[in-house]
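Engineer: Listed in order, the protein sequences are those of chains A and B. According to numbering that gives the first Met the number 0, the first sequence holds residues 0 to 433 in order. According to numbering that gives the first Met the number 0, the second sequence holds residues 0 to 433 in order.
No lab work stands behind these hints, which were simulated from the structure alone. A couple of the hints might just be wrong.
In this list, chains with the same sequence are indistinguishable; a pair is considered to hold if it fits within one copy or across any two.
Okay, derived cross-link-like pairs now, EDC-like style, lysine to aspartate or glutamate, Cα gap no bigger than 20 Å in a straight line [to be verified]:
no., residue 1, residue 2
1, 74, 112
2, 221, 239
3, 185, 219
4, 377, 1
There are 2 protein chains.
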Amino acid sequence: MELKPTKPLSGFIELLPVAQRFVDVCAARMLGVLRTAGFSNLDLPAIERAEVLTDKDNWDEIETQMFLFQKGDTKMGLRYDGTVGLSRYVAGHLNDLTFPFRASQFSKRYRGERAQRGRYREFYQMDMDILGINTLSTNYDAEIISVIQRTLNSVSDFIGENYVRVGSRPFWDALFDYLGLNSAQKKDVFILIDKRDKMGDQDFAEGLSDTLKNEKLENEIKSVFINGYSNFVKKSDKLDAAINELNDFMKKLNDFGVKNADIDLSVTRGLAYYTGLVFEFKLSTYPELGTVAGGGRYANLSEKFSKTKIIGVGAAIGFSRIFVALIEAGKIDLSKFESPVVAAVLPMGDVAVSFAMSVVNALRDENIATVACLDTEKKFKNQIEYADKIFAKYSLIIGEDEVNCQQITVKNMSTGDQEKMSLRDAVKLLKTEQ
Amino acid sequence: MELKPTKPLSGFIELLPVAQRFVDVCAARMLGVLRTAGFSNLDLPAIERAEVLTDKDNWDEIETQMFLFQKGDTKMGLRYDGTVGLSRYVAGHLNDLTFPFRASQFSKRYRGERAQRGRYREFYQMDMDILGINTLSTNYDAEIISVIQRTLNSVSDFIGENYVRVGSRPFWDALFDYLGLNSAQKKDVFILIDKRDKMGDQDFAEGLSDTLKNEKLENEIKSVFINGYSNFVKKSDKLDAAINELNDFMKKLNDFGVKNADIDLSVTRGLAYYTGLVFEFKLSTYPELGTVAGGGRYANLSEKFSKTKIIGVGAAIGFSRIFVALIEAGKIDLSKFESPVVAAVLPMGDVAVSFAMSVVNALRDENIATVACLDTEKKFKNQIEYADKIFAKYSLIIGEDEVNCQQITVKNMSTGDQEKMSLRDAVKLLKTEQ
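Generate the whole structure from the sequences, applying the supplied hints.
Structural biologist: Structure (structure tokens):
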């Protein structure tokens, strides 16, 4: 019989235990920050109705981007982000939630597109959103940025420093108005701006030229990427309002304790959702990872689900994008995560198993991570080798002698020192290693 | 424009924040037990190749049970349990893992079948497996049962006491041999035994009669459900071996500190995987939940993926089945989980925001769960109401006075007492509430 393949599908992540422990430690720290910031964790379905996932009817096209399937008459698919489910959930629970509502999500998302280097088809993102009904102070935009930074800082021993760049959708709206673009041009130019990073300067310039056919206008737009808003101060009330909002916001970020924040009008965050200020985080030490977190403000989150206007500010941290990429690039010293085990209990022969298991239970009761090595027919040498291989800090050796005097030989696996002691003393010693 | 539906698809779970917090607390405690027992958490892909999920070629039939889809030429689907992925993963990493290898998984699984009451199409299970190459002591079977019981005990304040029933596949093999059944009869009778719980006694008797057409044989088999193995002691060496193994194992469970364990030969755990002892846990207080955890020993876990023989003992806890069912039945007092928030910081007007945010940051630095109420245009009354609605234990009120003297008015939300104090004293007070 032919054996089945053991590799996961391309674009799917599975880690060895040591790497998984590292990732779990990072997740726990980051989720702790979100809890401390009063966010309620939501765990929404991974499968949504197709009509919830998209407005489009062109299934062939959509199917290249999503995992879609049909059960009975119902078309459905796997979520590609956290926002689509949140917008449905909040609209369905308007009377069950207190607003402003703080929601966090840490869940797997799915992209059906062909896997590329560094692009996963299943990956974790960590979302946080603050939602208000009809109104929500931009103070919360600043707070979200502060919380993302705290979250990233909680793992700075692995990922180093982070910085944030803030852009403004209203600035571009005001600029397009000021330059007198028609609505088709506005849309096309905005798409170009959004893709500029990926296109490169030359393609961007050509795209602008194709769309605008007006060198003066093209140069005005290009100037933003060189001089920021400086050419556009006091050109129109709308431009000034957008520029002032941005400058006030940067002061607020400073008040809120955010470090390494600057304006960058090239930050636009795509076409969907966002309507106000937008922001992106990168890592100073690992710029090659690109944007590791991003978000912004949306004027009407749940408009497709409810007549109630839900204003929000939200962001997602590319959890897998950061940590799996750093592991793959060999940037993480995983040796600290080699073992979850403090004690390996080694009974020598069947006669010792019962006492050994009472020791195991006593250690586990004290939250001391303990592995029982219960293949009692194995030689002492093999048992100790096993304890060594699983990186146990201590081996607790239990033979007939130990059973008779109800004591344990405790061996420190790094120094090799060993000593016979009571269970009580063993617990006391091992607790200091937790 | 018609609004889209806000309810999740039928059979999919989504909880309100208060219920989610309860579930998260239970998961954290149970995962803590598994960590303490030295299990390595694995996070495997939710999507597997169809050929990994099943050997069958009858897609129409399988599609009624699974979520399947195709990308390019590749048929794939969502996992329905944790074992199928584990068997692939272990076979692919034989040289990367140390055996006996302890793996735990806490992940969503998917069933494509039509949703019924209490049956979910997306649900969590918590798996634990101990795997050996070529050999694995049955001591580990006892340890797995001990660990499951510790895991369930860690949430006994919510789910009460648990008990375990142990069955034996070798007993039935020996009995069928002793009774002289042919191999078609063996298979059919075993299917009947496995479905007996759902069929009821009468259908079971009729099924036996149809298959065996021999009243004496039928009565011998029925006697097991009344008298256990007592009619079959000293009838054949194979029967005696199975009975002795079971009795020795029950002694071992006692040595390992397992409570409320008994033999029950009607426990069989279906047709797949298991080849040795099998077991099921139920809850004494909530028998209506049925089996809440179950598992057993399998002789060759990864035979479809590797020529190396991997013997294992494994179990799954029906996490959603327990906790979502208890929430839905109103059996959980969720009032303890009403809020994750210790402090609501309430700045009165824009002038207070900057100082308020420095207070928020200081509290969060101390891991005090803190919500900032930053809609500064809202009236004091609305702010306090909000703090009350989110069940904050304390409100920290910061107006112009407080900013000027750099102090905070701290209001205990349950007693209504309030006092002006320094940030340092506020931190000291609030830390005791964590």
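Engineer: Work down the list of hints and note, for each, if the structure agrees.
Structural biologist: How the hints compare with the structure:
1. For a Cα distance limit of 20 Å, the shortest separation of residue 74 from residue 112 qualifies both inside one copy, at 19 Å, and across copies, at 15 Å.
2. For a Cα distance limit of 20 Å, the shortest separation of residue 221 from residue 239 inside one copy, 19 Å, qualifies, whereas the shortest one across copies, 87 Å, does not.
3. With identical chains, the CA atoms of residue 185 and residue 219 are at most 20 Å apart within one copy only, with a shortest distance of 14 Å there and 83 Å across copies.
4. Neither within a single protomer nor between protomers do residue 377 and residue 1 lie at most 20 Å apart by alpha-carbon distance, with minima of 34 Å and 69 Å respectively.
Violated hints amount to a single one, hint 4; each of the other numbered hints is respected by the structure.
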